[in-house]
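A.B. asks: Construct the entire structure; sequences and hints are all you get.
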Amino acid sequence: MQEHLQSLLEARIDFEGQRLVGQIVQLSLVAITIISFLLGFALQSLRVTFVTFGLSTAVLAVVVLPPWPMYNRHPVQFLPPKENKVKEGSRDTLAVPS
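If you count by the numbering used here, then the sequence shown holds residues 14 to 111, one letter each, in order.
No lab work stands behind these hints: they were computed from the structure. Heads up, the beta-carbon is just placed ideally off N, CA and C, and yes, glycines get one too. The reader is advised that the hints may include incorrect statements.
Simulated restraints on C-beta separations [unchecked claim]:
#	residue 1	residue 2	range
1	Pro94	Ala71	41 to 51 Å
2	Ile48	Asn97	36 to 46 Å
3	Ala55	His87	34 to 44 Å
4	Arg86	Val38	12 to 22 Å
5	Val43	Pro82	18 to 28 Å
6	Arg86	Gln19	42 to 52 Å
7	Val38	Pro88	19 to 29 Å
8	Arg86	Thr46	23 to 33 Å
9	His87	Phe63	14 to 24 Å
C.D. replies: As structure tokens, this is what we get:
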């Protein structure tokens, strides 16, 4: 149960995906702000301004927050772990200078 929950909550997104999300958020928030302001100004309604901004931001959150596959096109390939070979009889401690 815990492993299944962890796999659902673990977000796999690569560095290129992070850059793409950053660009989408920056461009979208600027556009959303301008459109919301102009729409509210044209209709002379702060309510329209804030509702438009809030709904648009919620849609943006649905687009960028989940780890969609398009954000993991360039996964990082890690090196395999090194095996530490310890000889029999040798001590695995650091020498501390006195």
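A.B. asks: Looking back at the numbered hints, which does the structure fail to meet, lowest number first?
C.D. replies: 2, 6 and 9
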